[in-house]
Amino acid sequence: GAGVSQSPRYKVAKRGQDVALRCDPISGHVSLFWYQQALGQGPEFLTYFQNEAQLDKSGLPSDRFFAERPEGSVSTLKIQRTQQEDSAVYLCASSRETSTDTQYFGPGTRLTVL
Amino acid sequence: GDSVTQMEGPVTLSEEAFLTINCTYTATGYPSLFWYVQYPGEGLQLLLKATKADDKGSNKGFEATYRKETTSFHLEKGSVQVSDSAVYFCALRTTDSWGKLQFGAGTQVVVTP
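Just so you know, the sequences run in chain order V and X.
At position 13 of the first sequence (counting the first as 1) the number is 873 in our numbering, and the numbers step up by one without a gap.
At position 69 of the second sequence (counting the first as 1) the number is 80 in our numbering, and the numbers step up by one without a gap.
What the hints contain is simulated information worked out from the structure, not anything from laboratory work.
Check before you lean on any hint, since a few could be wrong.
Said to hold, decoys possible - Label pairs and their computed distance ranges (CB to CB):
hint: 1; chain 1: X; residue 1: T16; chain 2: V; residue 2: G876; range: 34 to 40 Å
hint: 2; chain 1: V; residue 1: Q943; chain 2: X; residue 2: E74; range: 19 to 25 Å
hint: 3; chain 1: V; residue 1: S887; chain 2: X; residue 2: D65; range: 32 to 38 Å
hint: 4; chain 1: X; residue 1: E19; chain 2: V; residue 2: S922; range: 38 to 44 Å
hint: 5; chain 1: X; residue 1: T23; chain 2: V; residue 2: G863; range: 26 to 32 Å
hint: 6; chain 1: X; residue 1: Q56; chain 2: V; residue 2: L899; range: 46 to 52 Å
hint: 7; chain 1: V; residue 1: P868; chain 2: X; residue 2: T37; range: 32 to 38 Å
All figures in this text were calculated on a predicted structure; none of them were measured in a lab.
Heads up, the beta-carbon is just placed ideally off N, CA and C, and yes, glycines get one too.
Use the sequences and the hints to build the structure in full.
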């Protein structure tokens, strides 16, 4: 079966633009995570969904960041009024059932804000 | 707060050399510990894990033992290959965190023929 997919793989935005990043988890996976990975750093947790419920959004850095998973499958991470410090790779991961199952990562979306 | 510290890279080795990447952690309670690997151009992959003290995780010739007394989870491989060139991330997951992973900064390993 297919793994986690993300689109676009690369996104260049001008400062102040809004962007939307998509994650398609492995089919049937209940849990979905978003992480942000700055250059040369490890991934940092952003938010967690169990089906359509967003149970933890403690890692979202500001109210410009918003995530949704309306039907419990595909998720979108939206960043409003992008700033240069938002430049990073955004990773999505899914796990089969509970949040303690193994997380499978997508290839990431590299966002560059000019 | 909870955190993971791992040795800085790059670590450059010759093929068949012994590899150790140090990882220490700070956490309350009894976290689960992980090593993830990122090969060039690919996504993060779980390499091995350990969920309680004294557990040893192993995969593809790599091993790591969960040492609670030293709060460490060092990664080792006895004989590396060129194909092991990658970035390695140590991570922890606490029981009260909805499963989120906390990663170290990563260690790049370069194996030369």
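Structure-based check of each hint:
1. T16/X x G876/V: 34 to 40 Å: holds (36 Å)
2. Q943/V x E74/X: 19 to 25 Å: Violated: the Cβ-Cβ distance is about 43 Å, outside 19 to 25 Å.
3. S887/V x D65/X: 32 to 38 Å: holds (37 Å)
4. E19/X x S922/V: 38 to 44 Å: violated (29 Å)
5. T23/X x G863/V: 26 to 32 Å: holds (31 Å)
6. Q56/X x L899/V: 46 to 52 Å: Hint violated: Cβ distance 20 Å, outside 46 to 52 Å.
7. P868/V x T37/X: 32 to 38 Å: holds (37 Å)
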